[in-house]
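Q: Residues per chain are reported as follows:
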Amino acid sequence: MTQATRTLLTVITEAALETVLIREIERLGANGYTITDARGKGGRGVRHAGWEANGNIRIEVVCNAATAEAISAYLQAHYYDNYAMILFTHDIAVLRPEKF
Amino acid sequence: MTQATRTLLTVITEAALETVLIREIERLGANGYTITDARGKGGRGVRHAGWEANGNIRIEVVCNAATAEAISAYLQAHYYDNYAMILFTHDIAVLRPEKF
Amino acid sequence: MTQATRTLLTVITEAALETVLIREIERLGANGYTITDARGKGGRGVRHAGWEANGNIRIEVVCNAATAEAISAYLQAHYYDNYAMILFTHDIAVLRPEKF
Amino acid sequence: MSMLDPIILFFLLGLISGLLRAELRLPAAIYEFVSILLLLAIGLKGGVELAKQPLTNLLPDMLAVIVMGVALALLAFPVLRLLGRFSRADAAAIAAHYGSVSVGTYAVAVAYLGSRQIAFEEHMPLLLVLLEVPAILVGIVLARGISRQTRWGDVAHEVFLGKSIVLLVGGLLIGWAAGPEGLIGIKPLFFDLFKGMLALFLLEMGLITATQVGSLRQYGLFIVVFGVAMPLLSSVIGTGLALALGLSIGGTAMLATLAASASYIAVPAVMRISVPEANPTLSLTASLGVTFPFNVIFGIPLYYAMAEWAHATWGGLTP
Amino acid sequence: MSMLDPIILFFLLGLISGLLRAELRLPAAIYEFVSILLLLAIGLKGGVELAKQPLTNLLPDMLAVIVMGVALALLAFPVLRLLGRFSRADAAAIAAHYGSVSVGTYAVAVAYLGSRQIAFEEHMPLLLVLLEVPAILVGIVLARGISRQTRWGDVAHEVFLGKSIVLLVGGLLIGWAAGPEGLIGIKPLFFDLFKGMLALFLLEMGLITATQVGSLRQYGLFIVVFGVAMPLLSSVIGTGLALALGLSIGGTAMLATLAASASYIAVPAVMRISVPEANPTLSLTASLGVTFPFNVIFGIPLYYAMAEWAHATWGGLTP
Amino acid sequence: MSMLDPIILFFLLGLISGLLRAELRLPAAIYEFVSILLLLAIGLKGGVELAKQPLTNLLPDMLAVIVMGVALALLAFPVLRLLGRFSRADAAAIAAHYGSVSVGTYAVAVAYLGSRQIAFEEHMPLLLVLLEVPAILVGIVLARGISRQTRWGDVAHEVFLGKSIVLLVGGLLIGWAAGPEGLIGIKPLFFDLFKGMLALFLLEMGLITATQVGSLRQYGLFIVVFGVAMPLLSSVIGTGLALALGLSIGGTAMLATLAASASYIAVPAVMRISVPEANPTLSLTASLGVTFPFNVIFGIPLYYAMAEWAHATWGGLTP
Ligand SMILES: Nc1ncnc2c1ncn2[C@@H]1O[C@H](COP(=O)(O)O)[C@@H](O)[C@H]1O
Ligand SMILES: Nc1ncnc2c1ncn2[C@@H]1O[C@H](COP(=O)(O)O)[C@@H](O)[C@H]1O
Ligand SMILES: Nc1ncnc2c1ncn2[C@@H]1O[C@H](COP(=O)(O)O)[C@@H](O)[C@H]1O
Ligand code: NA
Ligand code: NA
Ligand code: NA
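Residue numbers (this note's numbering), protein chains in the order written: chain A, 1 to 100; chain B, 1 to 100; chain C, 1 to 100; chain D, 1 to 319; chain E, 1 to 319; chain F, 1 to 319.
Keep in mind the hints are simulated off the structure, nothing from the lab. Check each hint, because a few of them may be wrong.
In the SDA-like style, the derived pairs of lysine to any residue whose C-alpha atoms are separated by at most 20 Å in a straight line are [unchecked claim]:
1. Lys163/D with Leu28/B
2. Lys187/E with Gln117/D
3. Lys187/D with Ala51/D
Can you make the complete structure from the sequences, with help from the hints?
A: If you want it as C-alpha cells, here you go:
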C-alpha cells in the first residue's frame, strides 16, 4: 500500500454555523468533510446541546497542508471574534492522496 | 506512566456497512472499536443522515501498526470501489499497550 | 499564522461518568472539553448505546502536555479498574496557544 | 372532497421547504419513530382481519402477488438494460425496487380510500408483506446469476430480518393473536394517530424527495420517464390481476397501487449489501425522486379511477 | 380553577429539576418533535379559521401588528442602549427579541384561555406569524445601518425560511386549503395531543431556563428588571392596540401576550448569523431566563385581567 | 381473555427480533421519550388519587413498604454471597436491584389488571416511589459499611435526583395539585396513549433483553435460578404484607409484583457511581435478562392468582 501524508483539520463550533461553514470550506478547496454533533465547554461557556441554539458540531476535513492553512486562516479571521470555535490540525496517513 | 505508541485507524463510511465492517475488523485482529454517527460529503456526494440509507458512521480502531495495515488493505480491496468510504491513520500514545 | 503544539487527549468511556469526569477534568486544569455520543466494544464487552446504561461518550480535551499527563494519570488511577475506559493522546497544532 | 388530502399537502410542504433550502428537518429518531408506528399499525390492522378467515382462502391471492412481484421485476430489467443502457447491476437493482413495494405509498392509499369510505379487502397488508420479498431475490439473481459465491444465508437474513418486514409481520401476528378486543388498549396510539403520523412521515418524505433533485438533473430524462411510465404500466397489470382475483373496487385500487409503488426502504438496504456495485443513487432517484411523488399526488387517484372504470367494464366477468 | 394550570406545573417541575441538577433531560430529537407538532398545530388551527373570512377583512389587524412589532423593537433599543449601556449590536439584538414573539408563550396563552373557555379571534396565528418578522429586520438595521454590506438575500433566507415561520405558515396554508373536515383525520395527533405536548415542551423549557441562571447572575440586575418591565410595558401597548382594533376580551389578552412575549427561537438563530458580534447569551438570558417564565407564570393571568378591565372601562369606545 | 395481552406480544416480538439479530432498534431518543411518558403518567394517575384522602391514612402502608424494601435487599444479600459466591460488592449491588422495583414491570401489571377491570388501591404509585429508594441505601451500606469515605451527599443526589424518581414524584405532585379536572387537557397524551406507549417500551425491552443472552450464558445457571426464585419468594412476602395491610385483591397482586420486580434503571445508575467495583453486567443480566421477562410473562398472572387464593383463604383475618 502506498501511503501519503495529508492534514486532518478539526473545527469545533456552534451548530448554527453548519450551512455557512461547509460552503466556505468547500470554496477554500476541500474535497469533502465529515460532521458529528457534539457538546462541550470552552471560553464562551457551556454548550449543552439540549436545544437548537446550544449545540456544537465537530467538522473534520482531510486535505493538503496548504488548504488546511487557508481554511484555518479564513476561519480565524472571520469567526474567532464572534463565535464559539476552536480549530486544530495534525498529520495523517491516507491511501489515496489524489482524493484529498 | 509508561506510554507506548499505537495506531489510530479512522474509517468514515456508510452506516449500512456497520454490522459487516465490525465483524471484519475484529476478524482482522482489532480488540475493540468505537463508532459515532456522522454526516458528510465526499466523492460519492452528500450524505445528510436525514434517513436510514443516507447516514455515515465514523469507526475508530486503536491497534498496532500491522493490524492497522491489514485492516486498511482489506477495506481498500473490498469496499473502496463500491462504497462511500475514506480511511486514515496516525500514531497515538496509549497507557496500556498490551490492550491494543 | 503562528502555530503552537498542544496535546489532544481523547477518553472513551461509559456515558454514566459524564458529569463526574468533566468535573475532574476541569479541576485538573483543562480549559474546555468536547463530548460526542458513541458506542463500541472493548475489554468490557459490547456497549450498544441502545439505552441509558449502555452508551459511551468520547471526550476530547485540548491542553498542554503536563495537563494531559495529569488527567491521564488521574483517570488511570481512579477509573481503569472499574469502568469501561480507554484513553489516548497525540500532538496537534493550534492557533491560539494561550487558550489551551 | 378536494383532490388534495391534507397529508398530500404535508408532502408538498416538505418538498417545497426542501427545494427552498428552509431550515427544516425532522430528526432521524423521529423519522424512525413515525415509520415504526406506521409499519406496526398496518400490520396490526391486517392481522386483526386475518383472524376472521382461514388462511387457505387467501392462498390464491398470496401466490398471485408473489408471481406479480417476480414478473414486474423481470419486466423492468430488459427495459432498463436496453432502453436505459444501464449496467447489469444497476438494471437489476432498479428492477428489484420496482417489483417490490413502498409502504409509504400503501399508507397514503389507505388514507385516500379511508377518507372516501371505500372498503378494500382487509388482507392487503399480508399481500404488501409478500410483495416486498420476491423482487429482491429476482434482482440479486439478475445481477449475479445463481452463483455459488452469493452467500444466500446472508441475503436471506438481510431480506427477511429487515426493519419493515419484521415490523409488518410482527404486527400481523400480534393483531392476529390478540384480535380486535385485544387491541382496544393500544388503538389510540396505533390507529387514532395513524393519519397524523402519516402526515409527519410525508412531510419528511417531501424533504427527502427534495434532496433527490440534484441527482435527477444528473441522471436525466430516462429516469424521469421510466419513473412515471413503469408505475403506470405496473398499475395496469395490478388492476388486471385484481380483476382476475375478483377483488372489490377498493381492493383493485390497492393492488394497482402496490404494483405501481417502488421500494425505497427494504430494497435499497438489501441491494447495498448484496449487489454493492449497483449505484444506489440511481435507484433512489427513480423510486424516491420520481415514482413516490408521482404515485402520491397523481397515481393513487388515477388507479382508483381505473379500478372504478375496470369494474364498470369487466366487473361481471369474474366470480 | 386554580391559578396553576398543570402545564405551568410541568414548567416548574423542569425548572426545579434543572436547578437541583437532576438527571433529567428531554432528548434534543424529542424537543424538536414536540415543537414541530406545536408549530404545525397552531398554524393548522389558524388556517381553518382563515378560510371562513376574506383576507381583506383582516388587513387592518395585519398592518397594525406589523407596526407594533417595529415599534416595540424601536422602543426597547434606546432603553437598552442608554439605561443598560449595552453595545449597539447587543442592544439591537435584544430589541429584536422583544419586538418579535414567542410561540411557546402564545401556546400557553391558548391553553390558559382554552381551559377558561374564553374565545378569541381565530386569526391570531396569522398575527403571530406576522409579528415574528418585522422586529428582526429592525434589529439588523439598528445594528448595521442600512449598509450595502448586509447580504439582504441571505438575511431574508434566514428570516423567512427558519423552522418556525415555515411550519406556522405551512400549517396555516394546509389548514386553509383542507378546511375543518379535511383535518378530521389528523386531529388526534395535532389537536387532541396539543396540551400534553405543550406540557412536555414546558418541562423542557423549565430545564433550559434553569441553565440560564448562571448567566443571570453574571449579567445582573438590569437584565432582570428589563426582562420584567419590558413585557409589562409591551402588554399595555398590545392591550391598547387591541382595543383600537376592536378585538374581543380574549383577543385583547392574546395580543397583549404576543406583545409581551420575547422570541427565543427564530430571532436568536437569525441574529447569530446576521449580527454575530452581539452576545447571544445576553438576549437569551433576558428572553428565556426572565421574560418567558415571568409571562408564563404571572404575565398571562395579568394580561387577561388587564383585558377584562380595559374592556369594562373603554370597551364601548371602539366599533 | 387470552393469557397473552398484546403488550406481552410486543415484548416477545422484540425478544425474538433481537435473538434473530433483525435490523430493528428503537432510537435511544424514542426509548427516552416513551419512558418519560410512562413515568409521568404513572405519577400523575397516582397524584390525582392521593388528593382524595389525607396522607396520614397512608402512613402505615408507606412505612411498611419501606421496611419491605430493606428486608428484601437484606434477604438477597446472604443468598448471593453464600450460595452465589459473589464478591461483597457484587452481592450488595444485586441485592439492591431486587429490593428496589421496576417501573416497567409495574406498568405491565397496571395494564394486566386494567384489561381485567380489577381495581387496586390508587396510592400504589406512591408505594412504587417509596420502594425505589431504601434498597439502594442498603446496597451501598452492605458494600461499603457505613464508611466515612462514602460521600453521602453525592449518593443522595444520585438517588433522589435520578430520572425515574424525579418524574414519578413530579407526576405525583402535579396530579395532586391539578386534580382530575386539571388533567383533562393532558389526558389524551398521558393516559389514552399509555398502553400503546407501553407496547413500544416492551418492544424495546425485548430487544434489550435479547442482548443479555450472551452474558447469561457466561454467568450461568446460578443467575437464572436466582432470577426466578428470588421474585417468587419476594412475591410471597409482598402478598403476606398486603394481607396484613388489608389491601384488596388487586392491591395484593400489585404489591406482590412490586416486591418481585427488580430495578434496571434507577439502581444500576446509582450503583455504577457509588459501588463502581460491582460488575454491572451481573446485576443487569439477572434483573433484565431473567427477572423482567419472567415477571412480565409468567410472574404477574401468577401473583394475581396467588392474591386471589390468599384472599379466599385468609382474606377475612385482617381488618
Ligand atoms: N480545551 C478544549 N478542549 C476541547 N474542546 C474545547 C476546548 N475549548 C473549547 N472546546 C470546544 O470548542 C467549543 C467552542 O470553544 P470556545 O470558543 O472556547 O467557547 C466548546 O464549546 C468546546 O466544545
Ligand atoms: N476530504 C474529506 N474530509 C473529510 N471527510 C471526508 C472527505 N472526503 C470524504 N469524507 C467523508 O467520507 C465519506 C465518504 O467519502 P466518499 O467515498 O469520498 O464519498 C463522506 O460522506 C464524508 O463523510
Ligand atoms: N481497540 C479499541 N479501539 C477503539 N475503541 C476501543 C478499543 N478498545 C476499547 N474501545 C472503546 O472504549 C470503550 C471501553 O473499552 P473497554 O474498557 O476496553 O471495554 C469501548 O466500549 C470502546 O468504545
Ligand atoms: Na411495485
Ligand atoms: Na414581543
Ligand atoms: Na423488588
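Q: Run every hint past the structure and note whether it holds.
A: Results for each hint:
1. Between Lys163/D and Leu28/B, the direct Cα distance comes to roughly 29 Å. Violation of the 20 Å bound is thereby established for this hinted pair.
2. This hinted pair checks out: Lys187/E and Gln117/D have alpha carbons roughly 18 Å apart, not beyond 20 Å.
3. With a C-alpha separation of about 17 Å, the suggested pair Lys187/D and Ala51/D falls inside the 20 Å cut-off, and the hint holds.
Checked against the numbered hints above, the structure violates only hint 1.
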